[in-house]
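Engineer: Take these sequences, add in the hints, and give me the full structure.
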Amino acid sequence: MAAARFTLLSLGILVHVVYLASIFDIYFTSPLVHGMKPYKSKLNPPAKRLVLFVADGLRADKFFEVDEGGNTRARYLRDLLAKKASWGVSHTRVPTESRPGHVALIAGFYEDVSAVAKGWKENPVEFDSAFNESRNTWAWGSPDILPMFAKGATGGHVFTSMYKDIAEDFGDEDASRLDTWVFDEVKQFFASAKNNNTLKEMLSQDQIIFFLHLLGIDTNGHAHRPTSSEYLKNIAVVDKGIQQIEQEIEMFYNHDGQTAYIMTADHGMTNWGSHGTGHPHETLTPLVAWGAGVKGPTAAPNPRGDVPAEMYEWKLEHLHRIDVNQADVAPLMTCLIGVPFPLNSVGILPVEYLNNTEYYLAENLFMNAKQILAQYEVKEVFRKETSLIFRPFSFLSGSKKTEVIRDIKESMRHNQFKESISYSKELIKLALEGLNYYQNYDRVFLNIVVTLGFFGWIVCIVLQIIEDHSDVLKETQKIKHKRSNTVITAPTVDSLTFVIAILGVILLLIEKAPWMYYTYCLLPLVFWNRIGKKLHVIYATVNYISLRKAARRVLFTLLLGVLSLEILVLSFFKREILSVGLVCFSFWPFTTTHLTDCRSSLACWTVLCFALAVFPILPVVGREANYFLVTAAGVVILVVFSLMLLYSASISRQIHIEIDNYLSILIFQFLLVSFALYIINGTASSLQRKLGLPVINQYGSWSILLSSFLLPLINSSNLAVRLWSVVIALSSVFLLMSTAYEGLFLLVLSLLMGTWLLCEHKLSGKTLNTLLETRLSSSNSASQPAWKVLTEGLDTATARKLTLEDLRIAYFFVFFIVVAFFGTGNIASINSFDPASVYCFLTVFSPFIMGSLLLCKVLIPFVVVTCAFDAIHVVLSIPVESLVLVVLVMTDLMGLHFFFLVKDSGSWLDIGTSISHYVIMMAFIIFLLPIFGLARLFTGASLTLPMSKKTL
Numbered sequence: 001m002a003a004a005r006f007t008l009l010s011l012g013i014l015v016h017v018v019y020l021a022s023i024f025d026i027y028f029t030s031p032l033v034h035g036m037k038p039y040k041s042k043l044n045p046p047a048k049r050l051v052l053f054v055a056d057g058l059r060a061d062k063f064f065e066v067d068e069g070g071n072t073r074a075r076y077l078r079d080l081l082a083k084k085a086s087w088g089v090s091h092t093r094v095p096t097e098s099r100p101g102h103v104a105l106i107a108g109f110y111e112d113v114s115a116v117a118k119g120w121k122e123n124p125v126e127f128d129s130a131f132n133e134s135r136n137t138w139a140w141g142s143p144d145i146l147p148m149f150a151k152g153a154t155g156g157h158v159f160t161s162m163y164k165d166i167a168e169d170f171g172d173e174d175a176s177r178l179d180t181w182v183f184d185e186v187k188q189f190f191a192s193a194k195n196n197n198t199l200k201e202m203l204s205q206d207q208i209i210f211f212l213h214l215l216g217i218d219t220n221g222h223a224h225r226p227t228s229s230e231y232l233k234n235i236a237v238v239d240k241g242i243q244q245i246e247q248e249i250e251m252f253y254n255h256d257g258q259t260a261y262i263m264t265a266d267h268g269m270t271n272w273g274s275h276g277t278g279h280p281h282e283t284l285t286p287l288v289a290w291g292a293g294v295k296g297p298t299a300a301p302n303p304r305g306d307v308p309a310e311m312y313e314w315k316l317e318h319l320h321r322i323d324v325n326q327a328d329v330a331p332l333m334t335c336l337i338g339v340p341f342p343l344n345s346v347g348i349l350p351v352e353y354l355n356n357t358e359y360y361l362a363e364n365l366f367m368n369a370k371q372i373l374a375q376y377e378v379k380e381v382f383r384k385e386t387s388l389i390f391r392p393f394s395f396l397s398g399s400k401k402t403e404v405i406r407d408i409k410e411s412m413r414h415n416q417f418k419e420s421i422s423y424s425k426e427l428i429k430l431a432l433e434g435l436n437y438y439q440n441y442d443r444v445f446l447n448i449v450v451t452l453g454f455f456g457w458i459v460c461i462v463l464q465i466i467e468d469h470s471d472v473l474k475e476t477q478k479i480k481h482k483r484s485n486t487v488i489t490a491p492t493v494d495s496l497t498f499v500i501a502i503l504g505v506i507l508l509l510i511e512k513a514p515w516m517y518y519t520y521c522l523l524p525l526v527f528w529n530r531i532g533k534k535l536h537v538i539y540a541t542v543n544y545i546s547l548r549k550a551a552r553r554v555l556f557t558l559l560l561g562v563l564s565l566e567i568l569v570l571s572f573f574k575r576e577i578l579s580v581g582l583v584c585f586s587f588w589p590f591t592t593t594h595l596t597d598c599r600s601s602l603a604c605w606t607v608l609c610f611a612l613a614v615f616p617i618l619p620v621v622g623r624e625a626n627y628f629l630v631t632a633a634g635v636v637i638l639v640v641f642s643l644m645l646l647y648s649a650s651i652s653r654q655i656h657i658e659i660d661n662y663l664s665i666l667i668f669q670f671l672l673v674s675f676a677l678y679i680i681n682g683t684a685s686s687l688q689r690k691l692g693l694p695v696i697n698q699y700g701s702w703s704i705l706l707s708s709f710l711l712p713l714i715n716s717s718n719l720a721v722r723l724w725s726v727v728i729a730l731s732s733v734f735l736l737m738s739t740a741y742e743g744l745f746l747l748v749l750s751l752l753m754g755t756w757l758l759c760e761h762k763l764s765g766k767t768l769n770t771l772l773e774t775r776l777s778s779s780n781s782a783s784q785p786a787w788k789v790l791t792e793g794l795d796t797a798t799a800r801k802l803t804l805e806d807l808r809i810a811y812f813f814v815f816f817i818v819v820a821f822f823g824t825g826n827i828a829s830i831n832s833f834d835p836a837s838v839y840c841f842l843t844v845f846s847p848f849i850m851g852s853l854l855l856c857k858v859l860i861p862f863v864v865v866t867c868a869f870d871a872i873h874v875v876l877s878i879p880v881e882s883l884v885l886v887v888l889v890m891t892d893l894m895g896l897h898f899f900f901l902v903k904d905s906g907s908w909l910d911i912g913t914s915i916s917h918y919v920i921m922m923a924f925i926i927f928l929l930p931i932f933g934l935a936r937l938f939t940g941a942s943l944t945l946p947m948s949k950k951t952l
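Just so you know, full-length UniProt numbering puts 51 at position 51 of the sequence shown, and the rest follows in order with no gaps.
Simulated from the structure, these hints should not be mistaken for laboratory data. Backbone N, C-alpha and C define an ideal beta-carbon position, used for all residues, glycine too. Careful: at least some of the hints might be erroneous.
Stated by the list, open to error - Heads up, simulated DSS-like pairs for lysine-lysine below, C-alpha to C-alpha not over 25 angstroms straight-line:
1) 534 x 233
2) 429 x 418
3) 164 x 151
4) 409 x 42
5) 512 x 379
6) 42 x 425
7) 401 x 379
8) 401 x 429
9) 429 x 400
10) 42 x 384
11) 200 x 83
12) 429 x 903
13) 512 x 384
14) 801 x 574
15) 240 x 187
16) 401 x 425
17) 409 x 84
18) 40 x 429
19) 164 x 690
20) 512 x 533
21) 474 x 384
22) 40 x 151
23) 84 x 187
24) 429 x 409
25) 240 x 315
26) 425 x 409
27) 240 x 84
28) 429 x 379
29) 533 x 801
30) 295 x 425
As the list claims (entries may be wrong) - Restraint ranges, calculated between C-beta atoms of paired labels, are given here:
31) 503 x 426: 50 to 56 angstroms
32) 84 x 681: 50 to 56 angstroms
33) 17 x 576: 28 to 34 angstroms
34) 576 x 426: 42 to 48 angstroms
Structural biologist: This is the structure we're talking about:
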């Protein structure tokens, strides 16, 4: 039986991992295809070389804006706008991160989510880029960006120079030195080229690119916010550096007028110094182009017409603004130097930036259309060869594609270039729609099979709960079912499943389906095979409900449960709904007579529910650091838990409970909280004075992190003392990663969890003294390993079956888990992680370590809630497997709902949010057992130390 349960739980983790990955196959598969012919114009390009400046993290408004006196911080580039440059805003897509932003700029396509997840610095998938199409490319900048384009290029013609002795340090006094390093390296490069004949000859060739990745603005933005003087002064540093590099290059090439320049950014940044989502401050970046082949400034078509309001603030309403999508920059670069368009590019050449003949514009846009159409044709051929019933894209099927191409050629032959440009844009539009159509060709099929599997899994778990953890079969086993003879036998179910599986595999083989498709199709058969063998459980359940007088109560409870889960789904969109739910929860004790007699518990529950309800309506954490609140939270934590410990000690003396002498450990944990407060304030002060992160603070933070996870394990096995120890330990770590009111949130949440435990204990009919006497070692489950408890549960002598009341406990757990996640933030705040949260541990940019610390911060409230949930199961003698399965059903229903809400159209903020909702829900389900195992470790495991005992 234990092996069967363990198999079921292991299968559950596998199922959710598979269905988490399914949305990437359904909505976000890689757009890359191979085997296309490269296209470029045969006309002579206007430029022999191109210089690309990417100011990482530069916002459009901070670049273009002027002060009250009309002064700008980017004087040189501002002067270019009035004299010889074209300009506009480049619109990025989510995620607004450095890697996907640079891929869009240089390769011309929007990297899919799965590719980003495979690697950051190197090239996880093969794609073409403007650098690869160039004759030679020289690049300077960050080791986080440059290698992926160098290793993705063929022939070894992309040369990189990256930082070695300096790092992206958020605690640095002046991060602009990351940019000055690049400018100095470029100057030294051209100086050395004058005495290096080989290099000089390479630089004299055409079709070459110089790429300068400037990371200082992004680093200063993270460390000091985009409104800070450091960020704004860094813009001036970049502006001056660009001017110097242009002068250096023009002097090297004797002002031959064959160099084109482009300045832009990979993403912007929010006011609180983060990026990663779809806020306009993140998705609007500047674009300035000048030099060979680039059109100069032109007057705005309608100076007083449809002009964006910000242009008046920027004092640029008189100039023509040309906005582009970020992927459009790649074809602009290749067009200027006459190399083929990147094979995987979906960018549309912005002809408004080009200063050339209409014939040149029409010819290049036509080549752009053929390059995108080539990708469409490859996908069309693949779908045609792998589909039993092929459904072509109607707008380009048959002779329609040929007709459009003929119209373009005819227009160019008759010198009707404007018409040709119009036809080419229409062809590009249709080709992109066709690419999207074939990209999503299998979407309906995959949605159906995944839904069948998801729903089948939920039904299997429900039947498992009814069969093993309820009295339904026991109470109905003496009743003869009229339809018992019609129950399908197990061999029949297996035979039918086998036949369907064979047919499905044959069809998938014919269509050359990816291997994951086999998993999506076969998993539902596993679940529905299991359901077919448990029809007797379904019949018994229906009969049980129909015969019981409390049938209405059962149905009402189930309906109320579904509605309650829908409220939780809505809370993912509006955090404030959690506040409403907590206010409703505050009245729960008044609905039961057992709790109305206990005034102290009732008052604590009500007050704490109202207190916790405040946090979801506060601004999300991360926008503005407030270390006074962090300090206040630490002080309140020390005071509250000291008073509680003194109170418990006095109660223990009165009822003569023997508690292990572990007070010294608790006192040491209190000192760690005090030390954490010192580190927080010392680090904030040091960074404010630009002195960096003190070494003692860094070592102290890591020491607190490690010791806080060990100290609870050597503390008393008394349930109350152990829970206090866990909360205090986690509080010290949580404070180190707090920037505002998070510490107060964790305190209120912890107190509410303790009150929840008291209320559930009171409802069981036991006294407070009994709870204080509870030792973790008194239950077999408490002393067993986490995995063994999950597979075997409590002893049959002490365990009981589930009741309808236990559904409330499971729902409370899910609700509080959601509160733990959204209480101080939302989807956007999680996606756009603020590095200030980990400054006590490190300031040098390290995605893996910073991400791990962020995960730790997110998990701490989860662990607090789960520890309370685990304590309730121990106190009430409920098999832990029963409650976990009920929680699994609830979260799966929410996950299925979010699956239907995933979208890949609309605003990028909506798309990113829909993905995040589903991923967060599925990740919680996947990590439900590990989180419970961690809580089980905190509340159940003990490291024996030689200590004396005394009676408090």
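Engineer: Checking against the hints above, which ones are violated?
Structural biologist: 1, 10, 11, 14, 17, 20, 21 and 31
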